[in-house]
Structures are given as structure tokens and as C-alpha cells.
Amino acid sequence: MSTFKKTTLALALAGATLATTAQANEVEVLHWWTSGGEARAANVLKELMEAEGYGWQDFAVAGGGGETAMTVLKSRAMSGNPPSAAQIKGPEIQEWGELGLLGNLNGVAEAEGWDELLPEVVADIMRHDGQYVAVPVNVHRVNWLWANPEVLEAAGVEMPTTLDELFEAGEAIREAGFVPLAHGGQAWQDATVFESVLLGGQGSEFYQQALVELDPEALGGEQMIDALEDFKRTRELMDEGMPGRDWNVATAMVIQGVAGFQLMGDWAKGEFTAAGLTAGEDYLCAAAPGTQDAFTFNIDSLAMFRVSDDEEREAQQALARLVLEPTFQEAFNLAKGSIPARPDLDMSEFDSCAQQSLADFQRTAEEGGLVPSMAHGMAVRADIQGAIFDVVTNYFNDADMPAEEAAERMVSAAEAASF
Amino acid sequence: MRDSLPMKNTSATPLGPAAKRSTPSGGLQAWLPRLVLAPSVAISLFFVYGFMLWTFVLSLTSSRMLPSYDFVGFGQYARLMANERWWVASTNLMIFGVLFVVICLAIGALLAILLDQKIRQEGALRTIYLYPMALSFIVTGVVWKWLLNPQLGIQAMVQGWGFESFRFDWIVDPDMAIYTLVIAAVWQASGFVMALFLAGLRGIDDSIIKAAQLDGASLPRIYLRVVMPCLRPVVFSAVMILAHIAIKSFDLVVALTGGGPGYATDLPATFMYAHAFTRAQIGLGSASAMLMLGGVLAILIPYLYSELRSRKHG
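Chains as they are written, first to last, in the working numbering: chain A, 8 to 426; chain B, 39 to 352.
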């Protein structure tokens, strides 16, 4: 081969291999904030980073609950080339920490006073072995009920506060010609509705025993059977075409006035905001029926990976600092629909739903009722969560399975889930 | 009477390996094909068979999120056998695989026979039937998902025409959803099978057909009893390819039903992916992959053996 060709070939190969690693002073961030409201929210962080002179390489992987993103992350980590930061949350942060792949954020934590700033329950999740490895971005509440006031008015119903009221309101809405409960038949959505119904019908203490501590008696007992039967009843409120539907398409059904209610976390508020609607007027929010004294939290966080490049580490530290700064916290949470991870923020810009959420967060943190979301990976490990998903979604879609059998399967799901 | 002719003693020497020359270029020429193919063979051996071996090793460990080498014997296989979703997935693969292969063969053969009748515009028709093969399974899955959606697709259309009681909501019915996979996959692959059969039909000697016609056989009879048996190699190729498409169907499931209502349309490929990666259970996922491999080999090896053996004799 001529020298010219050899050089070109070498350069091409070098260029190709450099393509996927972060350049100096740049962070590569893996996330799944890809729907309308979420993407806008993530963009705020990108702009803040770029304003400080750091580069931002976006690595967005779509897929509602983050499943696809986590798989991509694992393959990147296995190949020895993890991104600078990734949207990892809950117990999974501990699993990654155990593998020794996460970097240390203690410097930023001390400089910014995270220990005093963050509530204990939040800070615990961000630490591994006593060291900060992740920065919380927001606090989502999962047990919300969203409604379209026009549909409610047409059917002549009020916002339900108990499960029985929900079923009654549902019947009235069905007769008025609307879909009572908009839902997407995907496993994580089924599980989201299930945990809200369980929380509403059986209380937060039972939730803690069954879905967080995985107590076999709680999982197989009468209360679980009642919760499962309530859950199956909600299927009567849904429409035929719900299997496989995406969550934001279901929210769109409420926005457009096709459906009355949706049981979904407060990231649905981002969709309402992106559609230009105002809380309290164009859409209503309330705690899921029966869960007024409980708060199911889902904390998004960015975990930082261990990197060897000094400049990249500097960019990571800047990223961690910027995430918890009031500017980003306010902008991101206003766009996303969640409440800030730092409780000392001025909430006057936030709408009535967010202010209520924050008040409930602080109240339940003191009085009890603050529980991690099982359906969103905050309570139990991925494999146990997956096994519970299987039981829940199969039961929901099987017309013949009795609740007793499903409860038995829950018990074996929690036991056989792992080695 | 051929046997009575004397054997001619020709002086032509047979070509081939027997004609070895002792010059270096001659030696290199004999080895050249092997040298050229060696990298591909080495890569296949390593990346395909080597990694299969690695998967087998992993299926004997308790690997969770990333591979570890903490051996637990056949514990993962025991867990797999006790997993209800695995049995649903395996049953689905049987149903889907058998229906897909049989229906594709039938439709492909029928289309090929019909196209073989020297009709006008045969080229255009052939292209139309072959087009679905050019689509990716994701596109097929999404399109059929819309078509089969009871509120948007065929059911809505026919009900709109006035047949209020028409129902075609298989895709949301846990018992029938697996057949929607068959519909979409057959639509995609039949054209390809048709092309294979058409090529085979065109390769059949006309004289055989003429001889059968002289004997007074009707056209269907000719096709059934004379032509199709000649196409055994084509059927063999078609089955090989279709079986591999059936087992590989991951993207079709994800696009069409996402695993189906609940996990009613789960296939071993999606089961393995969900457990090995999403649920951080690499050990269990590897065990399911090995069982998939075992199942495939159990069916294909006897078929391969019988076909290749009979080819030598027949």
C-alpha cells in the first residue's frame, strides 16, 4: 500500500475509535428523558454546562422506565468505556458501587454542604459506603391521580378520595361516553397502578412490609388478596386498546378529553405543561385515591463514573455542582413536573400541584408514610422487581386467574428471585 | 446393451488433487483457498463457538449484573425450569415456529406454482410479493400493530362499514396474541419462500412434466406428485432459513406486542434479553440461551442428517 493510503487508513481508524469517548472537558450523560417535557428539562442542564465552558455529549436512550438505557449502560461498562454520568437510581446505585465503578463526589458534597441540605432519606440513596457517588436531580411522587375537569363535569363527578369513589366516578364517566381511566398496558405501568391501589386500599405500613421488606406473610396474606382484587377491578375502568400503549399517549388521552383519569407519577405533569395547560384549571391533580397521607417517592439521580482523565473529572464535578444549584433545580423541575431535591428552594414559581407535593413530602417525612416506589426501582433490586412485574402484569391480563393464586406467585417471586 | 461395449482405455489423466506438481507455485495454489478462508474460519470459531462456550460457563455461575465466576452447578437451570414465564415462552416458540414454517411453505409454494404458469407481468407480481422481505421486522411489527389495533385498524374499519359485531382483537387477547405474531411474520417471509420455490420450479427439466402430461396426468396432479418431490432440496433450504428467522424473532415481538398482554407473547429470545440484561440475571439468561440452543439443535441436527444423507444416496 502506498504511504498516502496507509496514512489515510490510520487516520480514519484513529478517528473512528475516538468517536465514542468523551473529549476533554466534556461529559457524556446517559439518560432517558426523551418525551416532550422531559427533553426540554434535560436541555436546561446542557445549556448551564455549556455556559460554564464545558461540553455536553448527549446520550439519550428512549424507553419509558429506563430499561433500554440501563442495558446500554451495562454493555458500555463491560467494555470498559462507561459514560461520564448516567441516570441511575435507587438500589442500583449500590450495585454499581459494589462493582467499584462509581467515582467520588465528596469534594463537591462538602463544598456545597449536601449533608445539611438534603433530607436523610435522599442522601442515603446517593451514598455508597459513606461516600457520595450520585447527585439527586429531583423527587417524583408516583401516587398521583390526574383528571380532565371538563370530562368530570360532563359526567357530574368530583375528584375521588377513596378507591370506592374512584369506581363510582368511573361508572358515571363511562356512561357519559368517555374512557374512565387512561392506561398503557406495559408491565411498569401496570405495576405503577398496582402499587398506588395497594397503597390506597391497604395503607403505607402494609406497603412497606409487602413491597419493600418483602415479608412473605404480607405478600401472601388477606390484605394482598384484597389489594389484587381492587387492582383487577381497575381494569373495568380502562379501554380495550390499552395493551402496549405508551404512558404519554395515555396522558394525551386525558389532555384531549378522551379519558377522565390517569394514575401516573408526576412526570405526567410535564406533558400537561408542554401542552400549555394550567394546573388547577385545565387539569386537576390529587393524591391517588386513599393515599393522601402517603408519598411514594422516585428520585432521579445522576451517578458519576470513575474516570481517569482529570479534565473529564473536573467536568463531572461541575456537573454535580450545577445539578443541585437553585438555577437548574428550579428550571428542571418546573419543566419536568417533579419537586426539587433541595427543600430550601423558593417554590413561588411552582404550580399548586408541585407545592402540594412538597408539603406532603415534608409532612410524610416527619410523620411517616414516605415510601420508596417499587414499580420504579427505588424499593427492591431489579430482578425481584422484574419478578413482581411478571406476576402483576400476568394477573392483570389473565381473566381467569384468582387473586389467591397471584398472591402465592408473589411470594415465590420474592423468594426465588435470586441466588 | 451399454454394458457390452468395450471399455476404452483413454490416456486422459483425471484432474484434481491427484495431479500434484512439485513446483512451489503449484503448492501455494493448492493452499491458497485455505489461507484466504482461514481468517474467517478462525473468527467464526472464536466469536461464535468460543462465545457459546463462554455462555455455557456463565450459565453455571451466579452472575448477576456483570459476569462473575462463582460456580453453582446446575442451579440456574433448576431455577429456569421452575420459572413459569419460561414455559410460556417455550410453548410460544413451538406454536409460533411450527405455524410460521408450515404456513410460509404452503403459501410460498402456492404462490410460486401460480406464478409459474407463464402469466403476464410475472416480474412485477414477483417483485410485489417479495417486497415485504426488504422491510425490517421492526417496521413490519409497527405496521401490523396499527392494523391489528382494535380501535385503529381492521376491526375499526370493518365496524365502520356497518358490521358492528365484527371482532378482530387478537392482539389484546392473551390467548390469541401469539397468532398475530404468526400473521405478521408470514406476511414478511412468504414472498421469500415463493422466490425460492420459483427458482426451484424453473430448474426442473421440462421433459419430466411433458412425460407426465403424455401419461394423462392433470395439472394439479403433476404438481403434487411429480414436481414437488423434486423440490426437496428447496424445501430443505426454506425450512433452514425460516427456522432461523423464527428463533431469531426478537424485534418482531418487541415491535408488535412488546411481549404481549402480560407476557403472553414472550419468546425465549425476549425472555433471555429481559433476564440477562434488564433484570441483571446474566446467569439465568445464559441458562435460557443454552436451552434455546439445545432445543434448536435437537430439531435441526436430525433434519440436517436425514437430508444430507439421503442426498448422497438419492
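None of these hints come from the bench; they were simulated from the model.
Fair warning: there could be bad hints in the mix.
Here are the computed lysine-lysine pairs in the DSBU-like style, where the Cα-Cα straight-line distance is at most 35 Å [to be verified]:
1) A:K239 with B:K183
2) A:K53 with A:K81
3) A:K81 with B:K183
4) B:K248 with B:K183
5) B:K156 with A:K81
A partial selection of chain A residues facing chain B, derived with a Cβ cut-off under 10 Å [stated by the list, open to error]:
6) D246
7) G248
8) M249
9) T400
Predicted model only: the values in this text are computed from it and were never measured.
Don't be surprised by glycine CBs; every beta carbon is placed ideally from N, CA and C.
Is K248 of chain B within 35 Å of K183 of chain B, Cα to Cα?
violated, 47 Å
Supplied contact hint for D246 of chain A, tested at 10 Å Cβ to chain B
holds, 7 Å
Would the pair K53 of chain A and K81 of chain A pass a check requiring their Cα atoms to be no farther apart than 35 Å?
At roughly 24 Å apart (the allowed maximum being 35 Å), K81 of chain A and K53 of chain A satisfy the hint.
Interface hint status, T400 of chain A versus chain B (Cβ within 10 Å):
holds, 5 Å
Next pair to validate is K156 of chain B with K81 of chain A; report whether the Cα-Cα distance is within 35 Å.
Violated: K156 of chain B and K81 of chain A sit about 56 Å apart, past 35 Å.
Tell me if the straight-line CA distance from K239 of chain A to K183 of chain B falls inside 35 Å.
holds, 25 Å
Checking one constraint from the list: CA of K81 of chain A to CA of K183 of chain B, max 35 Å. Satisfied?
holds, 30 Å
How about G248 of chain A: closest beta carbon in chain B under 10 Å, or not?
holds, 4 Å
Would the hint on M249 of chain A stand, with a C-beta cut-off of 10 Å toward chain B?
Where the cut-off is 10 Å and the nearest Cβ of chain B is about 8 Å from M249 of chain A, the hint holds.
Comparing the model with each earlier hint shows violations of hints 4 and 5; every other hint is respected.
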